[in-house]
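So the sequence lines, in the order shown, correspond to chains A and B. Going by the working numbering, the first sequence opens with residue 276, and the numbers climb by one from there. Going by the working numbering, the second sequence opens with residue 233, and the numbers climb by one from there.
Everything labelled a hint here was simulated from the structure, so no lab data went into it. Hints may be right or wrong, so weigh each one.
Said to hold, decoys possible - Below, a list of computed lysine-lysine pairs in the DSS-like style, where the Cα atoms sit at most 25 angstroms apart:
hint: 1; chain 1: A; residue 1: Lys378; chain 2: A; residue 2: Lys343
hint: 2; chain 1: B; residue 1: Lys276; chain 2: B; residue 2: Lys294
hint: 3; chain 1: A; residue 1: Lys324; chain 2: B; residue 2: Lys310
hint: 4; chain 1: B; residue 1: Lys310; chain 2: B; residue 2: Lys276
hint: 5; chain 1: B; residue 1: Lys276; chain 2: A; residue 2: Lys324
hint: 6; chain 1: A; residue 1: Lys378; chain 2: B; residue 2: Lys247
hint: 7; chain 1: B; residue 1: Lys303; chain 2: A; residue 2: Lys378
hint: 8; chain 1: B; residue 1: Lys276; chain 2: A; residue 2: Lys378
Stated by the list, open to error - Pulled a few chain A residues facing chain B out of the computed Cβ check, cut under 7 angstroms:
hint: 9; residue: Gly318
hint: 10; residue: Arg344
hint: 11; residue: Phe365
hint: 12; residue: Phe381
hint: 13; residue: Ala383
hint: 14; residue: Val387
Treat the numbers as computed from the prediction; the structure is a model and nothing was measured. The beta-carbon is built from N, C-alpha and C at its ideal position, and this holds for glycine as well.
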Amino acid sequence: AQSVTQPDIHITVSEGASLELRCNYSYGATPYLFWYVQSPGQGLQLLLKYFSGDTLVQGIKGFEAEFKRSQSSFNLRKPSVHWSDAAEYFCAVGPKATDSWGKLQFGAGTQVVVTP
Amino acid sequence: EAGVAQSPRYKIIEKRQSVAFWCNPISGHATLYWYQQILGQGPKLLIQFQNNGVVDDSQLPKDRFSAERLKGVDSTLKIQPAKLEDSAVYLCASSLERLAGTNEQFFGPGTRLTVL
């Protein structure tokens, strides 16, 4: 069965410290991989995506993610967190099949709290 | 460029009542999605339209939920009658292309439904 797992429900990090959010997936083949961020009262915003090629992907707001095929992981990182990064983060996977209708499957999310 | 618009932002109803949500996607986006996001979970796709046709409604509870996109632009999602477990945020998203590979989905702010 296909699944997306975000093991950490809640993470607290100090402003200026580094952040890493974990994402593991179970899929028939390597899917397309996405990270979205959801600020309170807002819709989801795409941070970055991985389709193929370089396994280290750069995104917006200083985020990056690394795809590791052997571990079926796509972890999100940021070297130095700002207070505005407090939000909920979702990992998502989508099928690569050319006849796919683009259906995304989301993880349960990780809530990030930033302390002064 | 205007984003995905949704209304209302909040709705409180009694169980067994009916409710409708409206979504206006980004201009020119052919694909429209409705997601249900229950508290503590990631978004779950309810229905996906390509222009005015349904391409995936496998997770839509069809005995109580319905959706339409008559002119291939804006869309309405209806629940009749509502149950307590329908309390959630209903997100609308749109994308230019249908395939996951080129498929950045742009999300609206959502409608928070509370069923009492």
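Here's how the hints hold up against the structure:
A C-alpha spacing of about 22 angstroms is found between Lys378/A and Lys343/A, which places the hinted pair at or below 25 angstroms, so the restraint holds. Among the hinted pairs, Lys276/B with Lys294/B is consistent with the structure: their alpha-carbon atoms are about 15 angstroms apart, no more than 25 angstroms. Using a Cα cut-off of 25 angstroms, the hinted pair Lys324/A and Lys310/B is violated, with the two alpha carbons roughly 32 angstroms apart. Proximity of Lys310/B to Lys276/B is assessed by CA-CA distance (about 16 angstroms); at most 25 angstroms being required, the pair is judged to hold.
Note on Lys276/B and Lys324/A: the hinted pairing holds, with a Cα-Cα distance of about 19 angstroms set against a maximum of 25 angstroms. For the hint linking Lys378/A to Lys247/B, the alpha-carbon distance of about 30 angstroms lies beyond 25 angstroms, and the restraint is violated. Distance hint between Lys303/B and Lys378/A is fulfilled; the C-alpha atoms sit about 22 angstroms from each other, no more than 25 angstroms. Restraint check for Lys276/B and Lys378/A: satisfied, since their Cα atoms lie roughly 10 angstroms apart, inside the 25 angstroms limit.
Hint on Gly318/A holds. Least Cβ distance to chain B is approximately 3 angstroms, under the 7 angstroms limit. The beta carbon of Arg344/A comes no nearer than 18 angstroms to any beta carbon in chain B, farther than 7 angstroms, and the hint placing it at the interface is violated. For the restraint placing Phe365/A at the interface with chain B, the shortest Cβ-Cβ distance is roughly 5 angstroms, inside the 7 angstroms limit, so the hint holds. Taken as an interface hint, Phe381/A checks out: its beta carbon lies about 3 angstroms from the nearest beta carbon of chain B, inside 7 angstroms.
Restraint check, Ala383/A versus chain B: the minimum CB separation of about 5 angstroms is within 7 angstroms; hint holds. Given the 7 angstroms rule on beta carbons, the hint for Val387/A is violated: about 15 angstroms separates it from the nearest Cβ of chain B.
Checked against the numbered hints above, the structure breaks hints 3, 6, 10, 14 and satisfies the rest.
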